[in-house]
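Assemble the complex: chain A is given as a structure, and chain B must be docked to it using the hints.
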Amino acid sequence: MPVLLLLVGLPLVGALVVGILPKKRPELVFPVSLGASTASLAVALYVLWEFEAGTPALQFIEDLRFSTILDMGWRVGVDGISLFMVVLTAILFPISIAASRSVTDRVKTYMILMLVLEAGVLGVFVALDLLLFFAFFEIVLVPMFMLIRLWGSDNRRYASMKFVLFTAAGSAFLLASIIGLAVMTGAQIGTLASFDIRNVLAIQLSGTAQLLLFLGFAIAFAIKVPLFPFHTWLADAHTEAPTAGSVILAGVLLKMGTYGLLRFNLTLFPEAAVRMAPYLAILGVIGIVYGAAVAIVQPDVKRLIAYSSVSHMGFIVLGMFAFTTQSLQGSVFQMISHGLTTGALFLLVGMIYDRTHTRKIADYGGLATVMPVYAGLFLFAAFASAGLPGLSGFVGEFTILVGSYLSFPVMAIVAGSGVILAAIYLLWAYERVFTGATNPKIEGLKDLDFRELAIMAPLVVLIIGIGVYPKPVMDRVEPSVELILDRIESATTYQVPLVGRSSAVVDIEYGEFDVHEGGEG
Amino acid sequence: MQGGAWLPIAFEVVLLVGALAVLLVAVVAGRDRRFWGPAAGLAFAGAALAGVLQWREVSTSGAGLFFTAQGVSFAKSPMVVMDGLSAFGAIVLGLVGFVGFLAAWDLVAKVGRRGPELVSLLLLSLAGLHMMMATPNLVVIFLGLETASISFYVVAGFLRRQKGSAESSFKYFLLGSLASALFLYGVALTFAATGSLTLYGGNSIRDFFSSTIVTQPGILLAGMALMLVGIAFKVSAAPFHQWAPDVYQGAPTGAVGFMAATVKIAGFAALARIFGAGLVSQVDTWTPIVAVLAAVSMVVGTVLALVQSDVKRMLAYSGVAHAGYILTAMTAGVAGVPAMWFYVSTYAFMVVGGFAVLSTVSGSDSSKVPLDDLKGLVKRSPEMGWLMTFVVLGMSGMPFFAGFVAKVFSFVTATAVPAPWPANDHGYLWLVVLGVVMSVVGLAFYFRIIGTMFSTPDDQAELQEAGLPVRFAVIVSAVITVAFGIVPWPLIEAVRDAFPI
Chain A
164 MPVLLLLVGL
174 PLVGALVVGI
184 LPKKRPELVF
194 PVSLGASTAS
204 LAVALYVLWE
214 FEAGTPALQF
224 IEDLRFSTIL
234 DMGWRVGVDG
244 ISLFMVVLTA
254 ILFPISIAAS
264 RSVTDRVKTY
274 MILMLVLEAG
284 VLGVFVALDL
294 LLFFAFFEIV
304 LVPMFMLIRL
314 WGSDNRRYAS
324 MKFVLFTAAG
334 SAFLLASIIG
344 LAVMTGAQIG
354 TLASFDIRNV
364 LAIQLSGTAQ
374 LLLFLGFAIA
384 FAIKVPLFPF
394 HTWLADAHTE
404 APTAGSVILA
414 GVLLKMGTYG
424 LLRFNLTLFP
434 EAAVRMAPYL
444 AILGVIGIVY
454 GAAVAIVQPD
464 VKRLIAYSSV
474 SHMGFIVLGM
484 FAFTTQSLQG
494 SVFQMISHGL
504 TTGALFLLVG
514 MIYDRTHTRK
524 IADYGGLATV
534 MPVYAGLFLF
544 AAFASAGLPG
554 LSGFVGEFTI
564 LVGSYLSFPV
574 MAIVAGSGVI
584 LAAIYLLWAY
594 ERVFTGATNP
604 KIEGLKDLDF
614 RELAIMAPLV
624 VLIIGIGVYP
634 KPVMDRVEPS
644 VELILDRIES
654 ATTYQVPLVG
664 RSSAVVDIEY
674 GEFDVHEGGE
684 G
Chain B
47 MQGGAWLPIA
57 FEVVLLVGAL
67 AVLLVAVVAG
77 RDRRFWGPAA
87 GLAFAGAALA
97 GVLQWREVST
107 SGAGLFFTAQ
117 GVSFAKSPMV
127 VMDGLSAFGA
137 IVLGLVGFVG
147 FLAAWDLVAK
157 VGRRGPELVS
167 LLLLSLAGLH
177 MMMATPNLVV
187 IFLGLETASI
197 SFYVVAGFLR
207 RQKGSAESSF
217 KYFLLGSLAS
227 ALFLYGVALT
237 FAATGSLTLY
247 GGNSIRDFFS
257 STIVTQPGIL
267 LAGMALMLVG
277 IAFKVSAAPF
287 HQWAPDVYQG
297 APTGAVGFMA
307 ATVKIAGFAA
317 LARIFGAGLV
327 SQVDTWTPIV
337 AVLAAVSMVV
347 GTVLALVQSD
357 VKRMLAYSGV
367 AHAGYILTAM
377 TAGVAGVPAM
387 WFYVSTYAFM
397 VVGGFAVLST
407 VSGSDSSKVP
417 LDDLKGLVKR
427 SPEMGWLMTF
437 VVLGMSGMPF
447 FAGFVAKVFS
457 FVTATAVPAP
467 WPANDHGYLW
477 LVVLGVVMSV
487 VGLAFYFRII
497 GTMFSTPDDQ
507 AELQEAGLPV
517 RFAVIVSAVI
527 TVAFGIVPWP
537 LIEAVRDAFP
547 I
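Top to bottom, those sequences are chains A and B. If you use this note's numbering, the first sequence corresponds to residues 164 to 684, in order. If you use this note's numbering, the second sequence corresponds to residues 47 to 547, in order.
Here chain A stands alone, though its shape is the one from the complex (with noise of 0.2 angstroms):
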């Protein structure tokens, strides 16, 4: 059974029926769109379960090849990586929609909108094929831009604009270097061009063509991150979106060039990679403090949030090229986890907003008094994203930190003021928001409904079950990015540090390392 075709077709085929569905009966438009993405969700849970552990593997391949002449085809397949981006995206596509029962105007134009999209993010992290990639990284812009553009607050045209012309741009030379990539390939195999990545895998490229399809690729992927200083359109387009769009936004979209920089440029490219390395994490670390120091400063509660997936992001590019496997688990981890705190946050966001419709922090105060338990979960989502030990975000904050210390010492310590920073700018908004006064304005607000509660309960259980006990999800990863560092190893002269690898165990006995080769991990 082709279930990858069935997990990308389902809201597709959601989309199709919520587009003839009858205009008189407006009232199945929602559950027929939840519905759909609920029944990707389970198709993601099959795989999650039957999903092999401990081999890099790629699993669940579908392999259809449809012209010879441009040898391009339905090529699709999960590992260790693409596996949990998967499953992320779709849980928070049936939550986001569930969530947007406040979305009143055109209400079928937005569900299948929302269908759009959920098909095109997993078939990014399903494709196989170059081109096949590209066609999903790039149509997605296509429904966000509207989300933004129709559902969006007041700058929605200046945002969606921005967001459409910035990723784009970044596309530009993805789409160069695909080419660039396919014709070489299919000059050594004898067609026109090949955009199977097992083809382009096996051909020898010079440094300076590494380097320079490196570098298109890296910087497509560093605008979807966004990578300082890419970043100035993260802003603008998260905090005009409508809460399930900066929910995908920030939930899986930016995930969308992490993936990529992972899947491909240290896949593809590796000597390129290692001689890039150390640039890629500087403008990690930037991104870490500056993100966090911008989003200090933030008035708009939305646009607080959004610096903050700068800093974020920052930890998990700093964790990609440290190229450990602690680090690079880290950053695998860091994107689920990221994905979800950053998530319950914008619903959070949105929830109040629907009472306010005002994110300003000035226009809050004493929040807490009158809404104890929204004030509570928002603790909670705060806490997580700010990396409080037992919640996911100190797992893979702490992993990315510990084996980045392994190849950039500098580089990680300053990294560490990160957390620091998150703490103060997250609490010192809460401070604002929750505690002092009770602004007049605020007073007599509803709490949570159950319909809202229950939107959060997966995040909420999620966040705290992967933090608790992460290494169901450790253990997929692990291989594939063992296979990564393989790859760099065998093809650069850079080794791993000995304690990177897992292969190799710490023990630590009296106060001295003793490191013993080949143990169990």
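Just so you know, these hints were derived from the structure itself, not from any lab. One thing to keep in mind: the hints can contain errors.
[To be verified] Derived lysine-lysine pairs resembling DSS-like cross-links, with alpha carbons at most 27 angstroms apart:
id, chain 1, residue 1, chain 2, residue 2
1, B, Lys425, B, Lys217
2, A, Lys523, A, Lys325
3, B, Lys425, A, Lys187
4, B, Lys421, A, Lys186
5, B, Lys217, B, Lys421
6, A, Lys325, B, Lys421
7, B, Lys156, B, Lys217
8, B, Lys414, B, Lys425
9, A, Lys187, A, Lys271
10, B, Lys156, B, Lys209
11, A, Lys187, B, Lys421
12, B, Lys425, A, Lys271
13, B, Lys209, B, Lys421
14, A, Lys186, B, Lys425
15, B, Lys425, A, Lys325
16, A, Lys523, A, Lys609
17, B, Lys209, A, Lys271
18, A, Lys523, A, Lys634
Below, chain B alone, put in the same frame as chain A:
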């Protein structure tokens, strides 16, 4: 070829008979379009069918040259050729012509008694356009070009009482005649340089180059350059594009799609025939020039489209940019023909569909279509709004729409063949990078159109429903845009055989 002797010219014959039949029926049975309309529709469909038969013949028994001008002084030269290029072109022209004719149906209704004249002009122009690609003789190419152009000058000014239409027609006529003259001058100089008017066959330009080394190519270069200018004008490639926005804007909206789409098909096919096949030995001379034309077209078309406030002008400039993307494919010489065909044949439907939607929004006899006319289109007419969204996404080159595959195919082709200047193995890589960048810049105005269509309308009135033929034309165009975006390989495989001999 027993019994099939008419096949090489079947396309033209069907259309000419159709054009006469329409006029005759209108005279005999009355000017009600219910009488002669089906005749015209049949002629377009029959032309497409003739193309299909030609295609079958070419793929089973191979391509052929035909001597049909006995007794004339250059009798040994073939006048008609039937090969992959001409047969595929016939299918595309026939289908695009048919859809474009349906899109013009509301306009035909509006012009009332003059309807048969308009339709027979469209039929005649299509015959001329196919003549351009189905002959190895440069003079016949010119004749086809003029047959089509003169018909189009009249169509552009068909609503001569409207200020814009008359101006558009006159401008088209003056500049078009200049371009035709330049093309003819180019033909003459090429004849002077090579001693032949036929691209191939007996005593041809190809023969000349295979037996002669040209040491002083001045006249030849001038001839090639002038022919290239003439074609670049017809396909509205920059810097020979200035007529396009004015003519598109002034001409009746219902007919612009037909004109813009079909002339591009024939222009690029003629380019493939003359330069790709005929002047194949001079490929190192003309591909750099085509590359420069492509670059200028992409930049000028895209940048100027950004600042337009009228959708017709916007689409005209976008057409200039698209000419650039298609020329990008042709920088690979004759190897670029498949990518050229994929691009032209899908883009032609987008053009027809796009202008058909505009004609339902602003009226088929309108000349100006300000962007505000599209405001809230999705709400006022969900069908037209969504279909137009698909068409515009197709033009913008978004994945899963035909324009994307077309661009990728074109770019891949341009890098697959070594380039003569600047000499390297990776083809015109700089052109591809420029093209990719310009595609992104172009998103700004394509998304502006989409954003406008999805915004809240000023007046909530539902759009008056368009006639069935126009709706059908829009649906077909949108379906083709989407279908060849998701399932492009049948077309990719087909265009591999659409080569000139």
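Tested hints:
1. B:Lys425 with B:Lys217: violated (37 angstroms)
2. A:Lys523 with A:Lys325: Distance ~23 angstroms between Lys523 (chain A) and Lys325 (chain A) Cα, so the pair holds.
3. B:Lys425 with A:Lys187: Roughly 16 angstroms between the alpha carbons, so the hint for Lys425 (chain B) and Lys187 (chain A) holds.
4. B:Lys421 with A:Lys186: holds (22 angstroms)
5. B:Lys217 with B:Lys421: violated (30 angstroms)
6. A:Lys325 with B:Lys421: Satisfied, since the Cα-Cα distance of roughly 21 angstroms is no more than 27 angstroms.
7. B:Lys156 with B:Lys217: holds (24 angstroms)
8. B:Lys414 with B:Lys425: With a Cα-Cα distance of about 22 angstroms, the restraint between Lys414 (chain B) and Lys425 (chain B) holds, given a limit of 27 angstroms.
9. A:Lys187 with A:Lys271: Answer holds: Lys187 (chain A) to Lys271 (chain A) is near 12 angstroms, not above 27 angstroms.
10. B:Lys156 with B:Lys209: holds (17 angstroms)
11. A:Lys187 with B:Lys421: holds (25 angstroms)
12. B:Lys425 with A:Lys271: Judged against 27 angstroms, a Cα distance of about 11 angstroms means the pair holds.
13. B:Lys209 with B:Lys421: holds (25 angstroms)
14. A:Lys186 with B:Lys425: The given pair, whose Cα atoms are some 12 angstroms apart, holds under the 27 angstroms limit.
15. B:Lys425 with A:Lys325: holds (25 angstroms)
16. A:Lys523 with A:Lys609: holds (19 angstroms)
17. B:Lys209 with A:Lys271: violated (43 angstroms)
18. A:Lys523 with A:Lys634: violated (40 angstroms)
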